[in-house]
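**Student:** Sequence:
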Amino acid sequence: MRKRVVLVIVSVLALAGTTYFWMNRTPPKPAVIATDVPTVVPTAISARAPELLPIDDDRRLKQSILSAGDYLVRQQLVSGELPYQVNFLNDDRSSTPSNIRLMGGTGALYTVCRISGDSSYCDAGDLALKHYLQNLLSDSTRFKGTCLYTNGACPLGGASTTIDAIYKRWQATGNVMLDEQDLLASAVDLGYFIVSMQRPDGGFYHSFDPHFAGAVDPDYVSPTFNGESLYALLQLYEMTDNEFWLEQAREVNEYLLTQPVTEDYGHSYALAMFARLDALTKADQAYAKQIAELIIVGQVRSLNPDNSSVSTATKLEALSALVQALTLADADHAWLDREIRTFITFVQARQLPDNDCNFEITREIKMRYEGGLFNTCDDPSIRVDGVQHWVNGLTTYLEYQGLIREK
Numbered sequence: 001m002r003k004r005v006v007l008v009i010v011s012v013l014a015l016a017g018t019t020y021f022w023m024n025r026t027p028p029k030p031a032v033i034a035t036d037v038p039t040v041v042p043t044a045i046s047a048r049a050p051e052l053l054p055i056d057d058d059r060r061l062k063q064s065i066l067s068a069g070d071y072l073v074r075q076q077l078v079s080g081e082l083p084y085q086v087n088f089l090n091d092d093r094s095s096t097p098s099n100i101r102l103m104g105g106t107g108a109l110y111t112v113c114r115i116s117g118d119s120s121y122c123d124a125g126d127l128a129l130k131h132y133l134q135n136l137l138s139d140s141t142r143f144k145g146t147c148l149y150t151n152g153a154c155p156l157g158g159a160s161t162t163i164d165a166i167y168k169r170w171q172a173t174g175n176v177m178l179d180e181q182d183l184l185a186s187a188v189d190l191g192y193f194i195v196s197m198q199r200p201d202g203g204f205y206h207s208f209d210p211h212f213a214g215a216v217d218p219d220y221v222s223p224t225f226n227g228e229s230l231y232a233l234l235q236l237y238e239m240t241d242n243e244f245w246l247e248q249a250r251e252v253n254e255y256l257l258t259q260p261v262t263e264d265y266g267h268s269y270a271l272a273m274f275a276r277l278d279a280l281t282k283a284d285q286a287y288a289k290q291i292a293e294l295i296i297v298g299q300v301r302s303l304n305p306d307n308s309s310v311s312t313a314t315k316l317e318a319l320s321a322l323v324q325a326l327t328l329a330d331a332d333h334a335w336l337d338r339e340i341r342t343f344i345t346f347v348q349a350r351q352l353p354d355n356d357c358n359f360e361i362t363r364e365i366k367m368r369y370e371g372g373l374f375n376t377c378d379d380p381s382i383r384v385d386g387v388q389h390w391v392n393g394l395t396t397y398l399e400y401q402g403l404i405r406e407k
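Under the working numbering, the residue at position 323 of the sequence shown is numbered 323, and the numbers go up by one with no gaps.
Hints in this document: simulated from the structure, not taken from any laboratory.
Please note that the accuracy of each hint is not assured.
As the list claims (entries may be wrong) - Computed cross-link-like contacts, DSS-like style, restricted to lysine-lysine with a CA-CA straight-line distance of at most 25 Å:
1. LYS366 - LYS62
2. LYS407 - LYS62
3. LYS407 - LYS289
4. LYS282 - LYS407
As the list claims (entries may be wrong) - Beta-carbon label-pair distances, calculated as ranges:
5. ILE55 - ASN175: 16 to 24 Å
6. LYS366 - ASP92: 16 to 24 Å
7. GLU247 - TRP335: 32 to 40 Å
Keep in mind it's a predicted model, so treat the numbers as computed, not measured.
Using N, Cα and C, we set each Cβ at its ideal position, and we do this for glycine too.
Given the sequences, and given the hints that come with them, work out the whole structure.
**Tutor:** Right under this line is the structure:
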């Protein structure tokens, strides 16, 4: 009996000691993600019905959009994979794919679906989206939210481009479910990742290494990621109607307005969304004009036949978004229309079978690559991001034309 009592006492003391140890031990250091990460508040997962801008009935431009969509569908594999880069003269595809650009191409398919009213483009988009969503990564022990894993890291632009694809699908279909997956919930988790990557000064870290403890790369910078992330935050605001995302976007925009002006197409889109969903301040309008003027100043160089159609299509995209922003804000905008038309003419000359390089376009080339946008006379490669920027830029311009028609 005495032995049993002693055994019980020893057990109780051991349990008490263990409890004291775990309650008073020094907690482990958390994974290094980003300094001063703002607390993310819960958001409502409820999709609104999309409110679409009117589309001008310019048949020639619409046909260019559909032709680009046909190229993507024609080249798509049964797995859903889209053509990343192909030299249409020798069929060379030896390039390292970027999931960011491929996700952008997926979003472009949904835009073609919306413009055409043909659900087959949405079906192709769904096939591609299922394929690339396999690269989404979540690990609450290492980082907040969800990121798009590509080429060994989680770049900030991967999250924003995936949100953009989901947003464009929502615009085309009004639906946020893909089979059993709630795409809006995924978009919100991607938004949490974007917010967690904010720097104390208001900007963003641009890359995160999800391996081991997880850490940002403070030295990696991409010139497009800030504007694209701002745009994604506003897309989340429009889809969820949650003020949290608008507040985050305002903070980011306030920071970006203090930075040197660049040809930032993502920020241009964001300014158009501020004008449509919230308000475009005088400072926003002044910055929008500066972006437009910077693009136009380099026009002669930009439209040189040796220069990139991918880059020029991106400039078209920025100008089209800026003219939308100024129109919605009832600011002076007519001066941009002629400039945009010039960029359209330049890029359209690179959409096969048209070409400004006097390539011999055989029947086989036309059959396989019609609608694709090749880069330069020295680089006859069709890149998925060139097609993406062309589709989106033309669509944004047609929306602007629709606004003018309604006024």
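**Student:** With reference to the structure, classify each hint as holding or not holding.
**Tutor:** Structure-based check of all given hints:
With a CA separation close to 19 Å, the supplied pair LYS366 and LYS62 stays within the 25 Å bound. For the given pair, LYS407 sits about 21 Å from LYS62 by alpha-carbon distance, which is consistent with the 25 Å threshold. Distance hint between LYS407 and LYS289 is fulfilled; the C-alpha atoms sit about 22 Å from each other, no more than 25 Å. A distance of roughly 22 Å separates the Cα atoms of LYS282 and LYS407; the hinted pair therefore holds under the 25 Å criterion.
One distance hint, 16 to 24 Å for the beta-carbon pair ILE55 and ASN175, holds here, with the actual separation near 20 Å. Checked against the hint of 16 to 24 Å, the C-beta distance between LYS366 and ASP92 comes to roughly 18 Å, which is consistent with it. As the Cβ distance of GLU247 to TRP335 is approximately 33 Å, the hint placing it in 32 to 40 Å holds.
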